Every structure is written in C-alpha cells, then in structure tokens.
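Residue-level listing of the chains:
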Amino acid sequence: MGATTYRCTVIAGDAPVSFDVAAQRPVLHEMILRGQRALPVGCRGGGCGTCRIEVLQGRYTTGRMSKRFVTDDAARLGIALACRTFPDTDIVVRPFPVAPETQPTASDRTT
Amino acid sequence: MAMTGVIRPGYIQIRVLDMQDALTHYRDRLGLDEVCTGDDGRVYLKGWDEFDHHSVALREADEAGMDYFGFKVLDEATLDEFTAKLEAANILVDHVEAGEQPGLGRRVGFVLPSGHRIELYSDVEMAADTPQTFNPNVWQREPRGMGVTRFDHALLYGPNIRAVTDLFCDILGFRVAEKVELGEGALAVWLTCSNKAHDIAFVENPEMGRFHHAAFYLEAIYNVMHAGDIMAYYDIPIDIGPTRHGITRGHTIYFFDPSGNRNEVFAGGYTYYPDNPTREWSPDQLGKGIFYYERELNPAFLSVYT
Numbered sequence: 001m002g003a004t005t006y007r008c009t010v011i012a013g014d015a016p017v018s019f020d021v022a023a024q025r026p027v028l029h030e031m032i033l034r035g036q037r038a039l040p041v042g043c044r045g046g047g048c049g050t051c052r053i054e055v056l057q058g059r060y061t062t063g064r065m066s067k068r069f070v071t072d073d074a075a076r077l078g079i080a081l082a083c084r085t086f087p088d089t090d091i092v093v094r095p096f097p098v099a100p101e102t103q104p105t106a107s108d109r110t111t
Numbered sequence: 001m002a003m004t005g006v007i008r009p010g011y012i013q014i015r016v017l018d019m020q021d022a023l024t025h026y027r028d029r030l031g032l033d034e035v036c037t038g039d040d041g042r043v044y045l046k047g048w049d050e051f052d053h054h055s056v057a058l059r060e061a062d063e064a065g066m067d068y069f070g071f072k073v074l075d076e077a078t079l080d081e082f083t084a085k086l087e088a089a090n091i092l093v094d095h096v097e098a099g100e101q102p103g104l105g106r107r108v109g110f111v112l113p114s115g116h117r118i119e120l121y122s123d124v125e126m127a128a129d130t131p132q133t134f135n136p137n138v139w140q141r142e143p144r145g146m147g148v149t150r151f152d153h154a155l156l157y158g159p160n161i162r163a164v165t166d167l168f169c170d171i172l173g174f175r176v177a178e179k180v181e182l183g184e185g186a187l188a189v190w191l192t193c194s195n196k197a198h199d200i201a202f203v204e205n206p207e208m209g210r211f212h213h214a215a216f217y218l219e220a221i222y223n224v225m226h227a228g229d230i231m232a233y234y235d236i237p238i239d240i241g242p243t244r245h246g247i248t249r250g251h252t253i254y255f256f257d258p259s260g261n262r263n264e265v266f267a268g269g270y271t272y273y274p275d276n277p278t279r280e281w282s283p284d285q286l287g288k289g290i291f292y293y294e295r296e297l298n299p300a301f302l303s304v305y306t
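Protein chains in written order, with this note's numbering: chain A, 1 to 111; chain B, 1 to 306.
It is worth saying that the hints were derived from the structure and are not from the lab.
Among these hints, one or two may not hold up.
[As the list claims (entries may be wrong)] Where chain A lies over chain B, by a calculated footprint (3+ residues, C-beta under 8 Å):
1. 62-74
2. 259-271
3. 296-306
[To be verified] Examples of chain A residues lying across from chain B (beta carbon under 7 Å, computed):
4. CYS43
5. ARG64
6. SER66
7. LYS67
8. ALA99
9. PRO100
Just so we're clear, the structure is a prediction, and the values are computed from it rather than from any experiment.
Beta carbons: idealized from backbone N, C-alpha and C, even for Gly.
Just chain B, same shape as in the assembly (with noise of 0.2 Å):
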C-alpha cells in the first residue's frame, strides 16, 4: 500500500456572482452533475468518473473567487497527525463540524501563507451516482456538454510561495514535481501528494488569497478538442488553448466561467513518482513551460486573476 497521508485534492468551494449563471456553466457546459443544494443555497457538484459526494461547491457572493480548497487523508488517525503536525509548527488550526457542507464529514482548516485557506478532512458519504463497479461501462451515462471527469487541482497566486512550499512538503508530505526560481525569492512550485504531475500549484504573486483556475480532467485530446468546440459554440471567453503546458505536459484549454473565475481543461500530463528529480524551467522559459508550441506567455497568465 503505497498511497498514504494526503491521498487526493477533494473539493473546492468558489465564489459566483449568479447562481443560475454558474450551474449553466459548471453543470451544463463542464458537465459536473449537480448532487444537491444546501439550506444556505450552496449548490454541490461533481464529475461523473468521482466516487465521493461532491468535489465542487459553488457560493453565491459579490465577489468571485476561490473559498478553499480540500484535500482527502487517507483516514482519521491521519486526520489527527496532521492537525498535531500543524499545530507544533504554530500553524493555527480550526475545526468545521460534519455536515457544514452535505455528505462530508469533520474539516481541519488552516490559512497558508499565501493567504489561501486549505481543509483537511478523511470522512466522506460515497455519491449515489457514482462510476459503475460491476461490469463496467466507461460511462453510468452520456456525459453532457464538456464531459469533464473529476475536479482535478487548482493554481493559487500569493506571496510567500516557499513558505508554502515547506508547509505542504515536511508537514502534509507533498513533493515539488516542477518548479520555476522566479527571480528575488519569487516561485512557482507544482505539488503532487500522488502520481499525478501535480495536485495543487502556486505562482508568487504579491497580493494575498487570489485564484488563478480550478482544473478538470478529460480523458484524452480528443476530448480537450470537443471542449473548445462547446465552448465555441456557447461563446465562452477563453484565456488560451487548445494547447500543451510545457510543465506537466498536459493538452489544455484555459477559460473562465460567467463570473470571471478561470477554468481550465486539460488531459494527459506525466506519471510522477516521488523518487523522481524536480524538473525545473528557467524564468526566461516560463512561457514555454505554460504555453509549450506558442512559447510566450499570454498577458492574462501573470495578471487576470479573481
């Protein structure tokens, strides 16, 4: 058994300016499946090819954004480590009840130095709608619209990025699968808790707690393809793409939802091991290592954010 503490990024609550706008987006066009509403109008989704309740909230507010954004451990005695590892680094923690999102249990949440608030948790109700185990097809269904599969990890801008870097490796045992040494301190830094190329990213920016994109996964280019065909045909703005990262290697299209938050889609991206080497881009190359084939950096990369 191979796969222990921090096994997988679980969920993400983000900000919407409306509502129904954002479940036309997220459920319609992505094509998460909506699982249910909460009594204070929180609406909870996630990707077809996902096991547990929810892996998206949405929060309707008046300003767009990221809430949080948790990480499943691999059960509650891991879950207390954590929280005793946190705490002996005066990392103050806080305790969420089970039940304040639906079908998830108790939460740890701290606030990195970057200004982003990260929850812990290990207990959650398994989704009614879940993959099939018993024969299975690939779909329970014909995916809708994007077809997207998972909600898969998410880029944050704040300052301290090696602060926040140390935390999430000697504490919640991430590694650092791609990095980039910015300049003065600055650094962009690609985690992984598994083997995917990275699980959560974070970009050196001097303000505090901003949102660059949450990322969903497809199985294939093909599928990356068909999702910019949808996004054409419903003219949804996007940011770049269809194109490759050069860092992680994954085919993607970037794009933001009707409240300005940016989404991303993408497939593919290398198998990471924890006994591999950071791969490391030089400053000069970033915008190969973000757009791989136009090899320059769009304008919207380093400043459109929400």
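One chain only, chain A, in its complex shape (with noise of 0.2 Å):
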C-alpha cells in the first residue's frame, strides 16, 4: 500500500518541472529528495527567504515561515516558503524571489 502523495509542479525556466510530494512533507524537502533543483535551496527552516514561491493552483497548509518574507496579507495571496508548504491537493507553483533590501525596515528593530 503506497503513502499518499501530490504532484508539484514548478513553472521556472524553460520547462515546467514536476515531482511527487508526499503527504504532510514539505514541497522543497520532497524536490530535494527526488533529485531535483527546480527551486532555490536555503535554510530549510522558514528563516531565510530563499524558497519563497507563488502557489499558482491547488490547496495546501504552511508551517510556520518567517514574516519578514511573506507576511499575512502576502499569505493570503499565495506567496509562501517551500520548506514550510505542505499540499493537500496537487500544487502549481512558480518561484517568487525576494528582492534584496538595501534600507532598514521596520523588522530591525532589536526587542
């Protein structure tokens, strides 16, 4: 008997990429374990930003992600970090990078 699982796939680049996403498994841990790059790699752990994406179709629930990268109302709209995103359904998603800061932002401050 096979675990469920969901297909993900991510239009970046010249192809559309798709892989299987095991139930309640990240999106970016199943790429990785199943060999491919389609998405940046970065902390893994919802801090960093690297892996944020659009989800374009598909439902899906997300951990706990780093709100400096996707806040609620970006939330709302489907932006969210692939290490943190778990499908319910079969998934379409695109990469949606963060564009570098160069000017203090309200998350700086220190307490």
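Bring the two chains, given one by one in their own frames, into a single complex with the hints.
What follows is the structure, given as structure tokens:
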C-alpha cells in the first residue's frame, strides 16, 4: 500500500518540472529528495526566504515562516516558503524571489 | 596581565519562529544547558564549559535572525571608558538596566554602520552550574548531543564593513586577524579581541543587519564528526561540511536551526597574538578561504542568511 502523494509542478526556466510530494512533507524537502533543483534551496527552516514561491493552483497548508518574507497579506495571496508548504492537493507553483533590501525596515528593531 | 578592554564574546540573542522547536535544537541537539526562562518568555542557555550565567538568549518572534551580540569587558571602569569613547566618536549609545536579562548587569548598546546591535557589559553572575574547579574533571556530567563547549563567535552580514572595522579596532581595541578585499571597497574581516583567530566577523552585503551564523566550539575534530553524525541522525539540514576553513583553520560544519538561522560547530583555529600580521586572502581565493578542501564557495554562503 503506497503513501498518499501529490504532484507538484514548478513553472520556472524553459520547461515545467514536476515531482511527487508525500503527504505531510514540505515541497522543498521532497524536491531535494527526488533529485530536482527547480527551486533554490536555503536554510530549509522558514527563516531565510530563499525558497519563496507563489502557489498558482491547488490547496496547501503552511508551517511557521518568517514574516519578513511572507507577510500575512502575502500569505493570503498565495505566497509561501516552499520549505514550509504542505500540499493538500496537486499544486502548481512558481518561484517568487525576495528582492534585496537596502534600507533598514521595521524588522530591524531588536526588542 | 595581558587581556584588557574587551575580553570575550558574552552572549547572542537569536530570534526563533517556534520556541519549543528551538529548545529541542539548542538544548538537546547542540547540548547547551537551559539556564532559565524570563518573564517575557525568553529562554537563556549556556555551554557546559562556560562560567558566566548564560551565553545564548532565544526570543520567539515572527522573523528569524539576530537581535544583538554582547561582549564582556574587563570591569565597570572599562565599560565607562568605552562608553565615553563611543560618545566622543558621535556614536549613539543607549543604556540597558541590570536584570533586563536575568543574571546580567547593566549594558551599553549601540548600532554599527552595518545595522547590527552590539552591547558591552562587565557585570554578570556566575552560573549555578560551572566547570569544576577543584580536581576538575573535563565535564561536570556527560555532555548531551553535540556537546558544544561555549558560544564562540558570530559572522554578520551588512554594508559599511570598513567603518565597522575602524570602530572595532580604533574604539574597542580589536585587531584584524584576517581579511579579504572583495573589490569596489567591499570588505570581509575576521576580528579578534583575544588569542582566538576571530571573536566576530563581517562580510560586506547590501542588506543591513543580517545574520550569517552563530558558532559554537568543540574540543577536537572528532567532536565535529560526532556532531555530523547527530545532524544526520536527526535530519538537521547541513549547509556545508565537515570541512576545514582556510580562514582561521578551524574544522567546521555549518547547519541550520529549525527557524533557518545558521549555526556552526568547529574545532581548532590558530592562536593569534596582537603583534601578529594580518593574514589576507585574494577574492578569487575566497572559496578556499571558507572551504579549504573544496576550494569553492557553495551558493548558500553569500546568499542565505536570516
């Protein structure tokens, strides 16, 4: 008996890349396991923003992600970090990279 | 008595996305001892081989990263002297009252041109659980997990590293142990206030106040390899290693905490004296400087930080 898997398709580069994501496993970790590199890999912990995506189709839940990279508003619009995205159906995503910031932001406060 | 001024890194306050996951990582995997929890929920930890009350403060927050890095100075008079020197250089200082972190005395804080907050202090309580001092065993008890001995240093990313270096050297008495002139005025520096190859390091980066890693010391390369076994067993994401740095010569593994903050465990590193010349690496050799055997940077080194 096989475990439930969902199909994740990444729209990036010349051709879409698809791979299986096991239920309750993050998209990014499953991508690495399947030997794909369609999304950039960073800290794998929701903190660095490297794997930020926009989910174009499908339903999913997310774990804790740094709000520096995914604000609550952005999350409602389908922005997420792939290392914290758990598909509930087949999904289609594209990379949504973080632009470099050069000005201090509110998040630079230290207390 | 040779050591004066700033004597060592004291503490780092790190933002974590989930405190329970962070405690499993820092307490059970790295092996830091949990000292206490403050009224505001911050949790304080220390390495088993440290005498002072704590060296790591974890604060649950919406974002990962570092809040600040505190250095211990020789005594209260030295703290006053540094305060005066910072103010004379038109650097805005603020004062944090004793007890804002449990066990810690008053602190003087300021923000670097790179956007990072640094604090200086002298007064801190002795830990309840210190290394033995009479017929001392190596350990008080068998270490847990990776068994890190102490919080050792941090590498921070931000702009204006030349100005940061001038501040640390001219005002705080640090020296440049190693550096890389990255081109177009950009700088990477490894700064020391001690016999260590580095107590704090900076790499030039356009974004203010970013955190590359916090490093924890291990006695020997065997312990670094054992730490690697623990990372594999518990599926802790590894960034690079086990390998050796060209810069500082430390044997190292970089890995990530559950919030994405990068950690390092390392052993070794050469002994530095204040009369030693600065070691320099050319930018085309930065790969070998960071990863001595691989001799090339991984993409994450310059682009992944919190």
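Tell me, which hint numbers fail for this structure?
8
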